[in-house]
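**Student:** Sequence:
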Amino acid sequence: MSTDLYGIRILKKEPDQKKITMKVIVVYYDVAYESHEPLPTDKSMFLRVLWDRDAYIATKISMDEFLDEDWVNANAYKYIDQIKQLNTRNHPLKDYTGYHDFYYGDGPWKDEEKLVQADYEVYVHDARLFEHLEVGQSWGTTSYQTVSYVHPGVAAPFMPNFDSQVARLEPFPGIEQGTEVLVFTKDASKLIASSSENEIVCYDTATWQELWRQKFEDMFGDMKIDDEQGIVWITRYNKIAGVVDIATGALSDKIPKTAARGFSRTGKYAVEYGEDDLLDFGDGRSIEQPGCVEAFSFSADDKLVAMGGGSYHFVDIWNTETLERVHTINTALRTSRLAFSPDAKYITVVSFDKLTVYEVATGKLLMNNIKTDSTSFGMPVWSPDGKYFAINHYNYFGYDGYTGIYKIGM
Numbered sequence: 006m007s008t009d010l011y012g013i014r015i016l017k018k019e020p021d022q023k024k025i026t027m028k029v030i031v032v033y034y035d036v037a038y039e040s041h042e043p044l045p046t047d048k049s050m051f052l053r054v055l056w057d058r059d060a061y062i063a064t065k066i067s068m069d070e071f072l073d074e075d076w077v078n079a080n081a082y083k084y085i086d087q088i089k090q091l092n093t094r095n096h097p098l099k100d101y102t103g104y105h106d107f108y109y110g111d112g113p114w115k116d117e118e119k120l121v122q123a124d125y126e127v128y129v130h131d132a133r134l135f136e137h138l139e140v141g142q143s144w145g146t147t148s149y150q151t152v153s154y155v156h157p158g159v160a161a162p163f164m165p166n167f168d169s170q171v172a173r174l175e176p177f178p179g180i181e182q183g184t185e186v187l188v189f190t191k192d193a194s195k196l197i198a199s200s201s202e203n204e205i206v207c208y209d210t211a212t213w214q215e216l217w218r219q220k221f222e223d224m225f226g227d228m229k230i231d232d233e234q235g236i237v238w239i240t241r242y243n244k245i246a247g248v249v250d251i252a253t254g255a256l257s258d259k260i261p262k263t264a265a266r267g268f269s270r271t272g273k274y275a276v277e278y279g280e281d282d283l284l285d286f287g288d289g290r291s292i293e294q295p296g297c298v299e300a301f302s303f304s305a306d307d308k309l310v311a312m313g314g315g316s317y318h319f320v321d322i323w324n325t326e327t328l329e330r331v332h333t334i335n336t337a338l339r340t341s342r343l344a345f346s347p348d349a350k351y352i353t354v355v356s357f358d359k360l361t362v363y364e365v366a367t368g369k370l371l372m373n374n375i376k377t378d379s380t381s382f383g384m385p386v387w388s389p390d391g392k393y394f395a396i397n398h399y400n401y402f403g404y405d406g407y408t409g410i411y412k413i414g415m
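So the number in the working numbering is just where the residue sits in the sequence shown, counting from 1, plus 5.
Simulated from the structure, these hints should not be mistaken for laboratory data. Yeah, the Cβ is synthetic: ideal placement off N, Cα and C, and Gly gets one too. Do not take every clue at face value.
Stated by the list, open to error - With a cut-off of at most 25 Å between alpha-carbon atoms, the simulated DSS-like pairs for lysine-lysine come out as follows:
| no. | residue 1 | residue 2 |
| --- | --- | --- |
| 1 | Lys23 | Lys99 |
| 2 | Lys191 | Lys392 |
| 3 | Lys369 | Lys359 |
| 4 | Lys412 | Lys350 |
| 5 | Lys28 | Lys18 |
| 6 | Lys17 | Lys28 |
Claimed, not checked - Each pair of labels, with its calculated beta carbon distance range:
| no. | residue 1 | residue 2 | range |
| --- | --- | --- | --- |
| 7 | Gly414 | Asp192 | 14 to 24 Å |
| 8 | Ala211 | Thr46 | 41 to 51 Å |
| 9 | Arg58 | Glu293 | 47 to 57 Å |
| 10 | Glu293 | Asn400 | 31 to 41 Å |
| 11 | Thr327 | Val36 | 49 to 59 Å |
| 12 | His96 | Lys244 | 55 to 65 Å |
| 13 | Asn92 | Ser40 | 19 to 29 Å |
Model the full structure from these sequences, guided by the hints.
**Tutor:** Structure (structure tokens):
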């Protein structure tokens with residue numbers, strides 16, 4: 006027999022508002038380690054709570070779908086419109102004296118008044134989804150929460166649409182974690198990718214056909230672009246490994262503005278970063294964060310820079326002129342890649358196998374991409390004209406990489 010994690014009690018039904026109010030009581034504890042199941046916050050939990058094989062909801066969601074975590078994560082938002090936590094009781098729990106590990110039954114539960122609990126209003130898409138439940142009904146459940154898809158709502162027209170893939174490119178077949186850097190030209194007519202083996206390839210965004218390719222010596226360089234000079238170049242250990250003319254793909258004798266590891270889009274800033282907890286602007290100015298800087302991104306106008314990584318599970322956004330921190334986004338994840346939207350209203354945060362988009366001004370989570378396979382994400386980039394979103398995908402072992410091109414607008 007499975008151990009219940011929560012107790013559920015129905016407090017109120019309001020079908021005309023498509024709303025049901027319920028109490029969720031934590032009935033599973035680990036007293037020795039002073040921990041317990043969390044109070045749920047995700048729509049996935051409440052979809053699982055509502056499901057019943059003998060009810061209307063089972064005609065919309067099959068048992069196979071109900072048992073499939075990926076399916077629930079990807080589709081919970083279609084059935085659960087909104088969750089409001091009205092209150093909490095006995096939370097956070099500081100003293101576990103007198104508590105037990107398990108509280109069995111369908112309620113009322115032993116010592117119920119001292120158990121961790123909260124009341125919730127659950128708004129659904131169709132009131133028939135809870136028609137089988139009665140006020141006062143209670144039961145124990147093994148239902149649990151996972152991380153379900155967050156729909157961007159009114160911001161949907163400006164979000165990447167992962168259901169609308171325009172092209173699937175394989176710039177560097179067979180190379181482990183193939184593509185290191187992706188960048189669109191300022192006019193969005195070309196997408197340029199560089200590999201860990203210092204190879205560069207350029208695509209025409211009208212046809213997604215390869216235009217040219219160049220290969221340089223050594224490995225693990227950093228590619229940068231200067232639209233004004235019409236070049237891209239590779240740097241490695243602060244030395245220039247090669248320069249390419251964007252228009253022709255030929256080697257260029259133009260001298261890049263910097264050999265630094267990072268270069269802003271307008272060319273105003275050249276920065277160094279890495280194992281240290283600094284983003285060094287090279288002019289006596291630097292930005293410090295707790296933990297090493299693994300990811301950073303300048304806005305298209307260079308007025309903002311975002312940075313994160315290491316053990317610091319936040320993304321800080323700074324004014325590049327004043328070096329004042331203007332926004333902090335709590336991602337609760339280690340950041341591996343960052344990318345601003347063209348207007349800097351949104352920022353993509355990649356954490357290995359997770360991709361999220363936040364509103365810069367508020368820090369609000371607008372969407373997360375629910376993956377149904379074992380691939381991880383690499384470099385993301387928005388096209389300057391706001392039409393496309395490109396991102397690298399890899400399998401669990403870092404191989405079989407490809408670049409997905411997606412439309413903007415859901």
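**Student:** Against each hint, give a clear statement of whether it holds in the structure.
**Tutor:** Status of each hint after checking the structure:
Restraint check: the Cα-Cα separation between Lys23 and Lys99 comes to about 36 Å, which exceeds 25 Å; the hinted pair is violated. For the given pair, Lys191 sits about 13 Å from Lys392 by alpha-carbon distance, which is consistent with the 25 Å threshold. At roughly 16 Å between alpha-carbon atoms, Lys369 and Lys359 fall within 25 Å of each other, so this suggested pair holds. Between Lys412 and Lys350, the direct Cα distance comes to roughly 18 Å. Compliance with the 25 Å bound is thereby established for this hinted pair.
About 12 Å separates the Cα atoms of Lys28 and Lys18, which keeps this hinted pair within 25 Å; it holds. The suggested pairing of Lys17 with Lys28 holds, with an alpha-carbon distance near 10 Å, which does not exceed 25 Å. Separation of Gly414 from Asp192 is about 20 Å and conforms to the stated range, judged on CB atoms against 14 to 24 Å. Distance hint for Ala211 and Thr46: a CB-CB separation of about 44 Å, consistent with the stated range 41 to 51 Å.
Roughly 56 Å separates the CB atoms of Arg58 and Glu293, a value that falls within the hinted 47 to 57 Å. Between Glu293 and Asn400 the Cβ separation comes to about 36 Å, which falls inside the hinted range of 31 to 41 Å. In this structure the supplied range 49 to 59 Å holds for Thr327 paired with Val36, their Cβ-Cβ distance being about 51 Å. In this structure the supplied range 55 to 65 Å holds for His96 paired with Lys244, their Cβ-Cβ distance being about 56 Å.
Checked against the given bound of 19 to 29 Å, the beta carbons of Asn92 and Ser40, roughly 22 Å apart, stay inside it.
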